[in-house]
Amino acid sequence: MTSSDAEFTLTDLADGTLAGPEWEGWLAAHPDLAAEVAAARQVRALLGELRTVPIALPTDFEAVLMARVGRDATYLGLLELWLSGFGRALLDLLDALFDAPPSPAPAAPQ
Amino acid sequence: MESLPPQTLARLCQQTLPDDARAFQALVRQLKGRVYATAYRLMGSREDAEDQAQEVFVKVYRGIQDLDDPETVTAWIYRLTVNTCFDALRKRGRTPTTTAAAPPSTDRDEEPQFADPNAAAPEEIALRRELRDCLEDVLQRLDPIERGVLVLRDVEDRPYQEIAETFAIGLGATKMRIHRARLAFQQLFERLCAELWQPVGTRGVAEG
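So the protein sequences, as listed, match chains R and B.
Using my numbering, read the first sequence as starting at 1011 and increasing by one per residue.
Using my numbering, read the second sequence as starting at 19 and increasing by one per residue.
In case anyone wonders, no lab produced these hints; they're calculated from the structure.
Possibly wrong hints are sitting among the right ones.
Listed below are the simulated SDA-like cross-link pairs for lysine to any residue, each with C-alpha atoms no more than 25 angstroms apart in a straight line [said to hold, decoys possible]:
| no. | chain 1 | residue 1 | chain 2 | residue 2 |
| --- | --- | --- | --- | --- |
| 1 | B | Lys-50 | B | Ile-163 |
| 2 | B | Lys-50 | R | Trp-1092 |
| 3 | B | Lys-77 | R | Asp-1082 |
| 4 | B | Lys-50 | R | Ala-1039 |
| 5 | B | Lys-50 | R | Thr-1019 |
| 6 | B | Lys-77 | R | Pro-1068 |
Chain R is faced by these chain B residues, among others (derived, beta-carbon under 8 angstroms) [stated by the list, open to error]:
| no. | residue |
| --- | --- |
| 7 | Ala-39 |
| 8 | Arg-40 |
| 9 | Val-46 |
| 10 | Ala-55 |
| 11 | Tyr-58 |
| 12 | Phe-75 |
| 13 | Phe-104 |
| 14 | Leu-107 |
| 15 | Leu-145 |
| 16 | Lys-193 |
Which bits of chain B does chain R cover? Going by a derived footprint, with three or more residues having C-beta under 8 angstroms, they are [said to hold, decoys possible]:
| no. | stretch |
| --- | --- |
| 17 | 20-30 |
| 18 | 47-53 |
| 19 | 82-93 |
Glycine residues also receive a C-beta, built at the ideal position from the N, C-alpha and C atoms.
Here chain R stands alone, though its shape is the one from the complex (with noise of 0.2 angstroms):
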């Protein structure tokens, strides 16, 4: 087993999602590893104390998040109006440059 092999066998065995006796015969010959091996799942228990803490959040946090994007759908509102006026502007504009009529042939000179 390489070293990189290791490690992620040592998440594996720390998070439990590889376990059994062939896996804990396997730790108490590498005391080395089982001593890393515990001290993963030590600090996996520990920060697993974080994830049960609420945290309070501001408590206008939803009423400035929800103006925000009403502005952001106002202005995405108005972008879209300006396009599509602009877009129209620039049919036309192409229409009148390349489906215009073909000038008249001046006169020959008599």
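Given the coordinates of chain R, assemble chain B onto it according to the supplied hints.
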């Protein structure tokens, strides 16, 4: 509507935005706590966390129509959270903020307000408070990638595959980073919060 799962709300958002934002608002209500907590742990301050959490939900609002698979909405929002916070940290060229001399819990204004719904003995509350302060402090001293993988895996309990996709690395590399980050965390924790770190089997702070 708020009891609907995030995937269903995401589908509703795709059908109703921008005309009707009720599904979006319900989605925000469900996930704002997790997004804010993750942003707080990545950024290190309440004010930054609020700014970045707002940014995340604005991105959700703008991008949810393009989300191919609404089943992945939670993973997508976590990914947006990590990327948004990392972008903000990069823009400021910031490194973790805490100083070695500062005790972990002196500045209450820089921390979120914790509400503890379960009444417990004052000593136990104080011990847990001290433990949380230490954990938050040590997290802030890790480099951002180590902090990111630990927050996603061990605090938020996200699956390996999702973390791999968030950091755009393979599954093996993800597990390797998680392992190294845990060892780095353990060394720092043992050094900075020695009285709270007990070798496995001798005391039960970690075990509950």
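Original post:
Would you say the stretch 47-53 of chain B counts as covered by chain R, given the rule of at least 3 residues with C-beta under 8 angstroms?
Top reply: holds (count 3)
Subject >> Agreement of Lys-50(B) and Ala-1039(R) with the hint, judged by alpha carbon distance not exceeding 25 angstroms >> reply: Violated: Lys-50(B) and Ala-1039(R) sit about 46 angstroms apart, past 25 angstroms.
Original post:
Between Lys-50(B) and Ile-163(B), is the straight-line Cα distance small enough, at 25 angstroms or below?
Top reply: Within the cut-off at roughly 22 angstroms; holds.
**OP:** Let me know if the C-beta of Tyr-58(B) comes in closer than 8 angstroms to any C-beta of chain R, holds or violated.
**Re:** holds, 7 angstroms
**OP:** With a cut-off of 25 angstroms on the C-alpha distance, tell me whether Lys-50(B) and Thr-1019(R) pass.
**Re:** violated, 34 angstroms
Original post:
Any CB of chain R closer than 8 angstroms to the CB of Phe-104(B)?
Top reply: Where the cut-off is 8 angstroms and the nearest Cβ of chain R is about 19 angstroms from Phe-104(B), the hint is violated.
Original post:
Holds or violated: is there a CB of chain R closer than 8 angstroms to the CB of Lys-193(B)?
Top reply: OK, holds: Lys-193(B) within 8 angstroms of chain R, min 3 angstroms.
Original post:
Would the pair Lys-77(B) and Asp-1082(R) pass a check requiring their Cα atoms to be no farther apart than 25 angstroms?
Top reply: Distance of about 11 angstroms is within 25 angstroms: holds.
Original post:
How about Ala-39(B): closest beta carbon in chain R under 8 angstroms, or not?
Top reply: holds, 7 angstroms
**OP:** Establish whether the coverage given for the stretch 20-30 of chain B by chain R is satisfied; the threshold is a Cβ-Cβ distance below 8 angstroms, and no fewer than three residues must meet it.
**Re:** Our answer is that it is violated, as 0 residues pass the Cβ test (under 8 angstroms) against chain R, missing three.
Original post:
Taking the closest Cβ pair, is Phe-75(B) under 8 angstroms from chain R?
Top reply: holds, 5 angstroms
Subject >> Pair hint outcome, Lys-77(B) versus Pro-1068(R) [Cα-Cα no greater than 25 angstroms] >> reply: Answer holds: Lys-77(B) to Pro-1068(R) is near 20 angstroms, not above 25 angstroms.
Hint check: violations occur at hints 2, 4, 5, 8, 13, 14, 15, 17 and 19; the rest are consistent with the structure.
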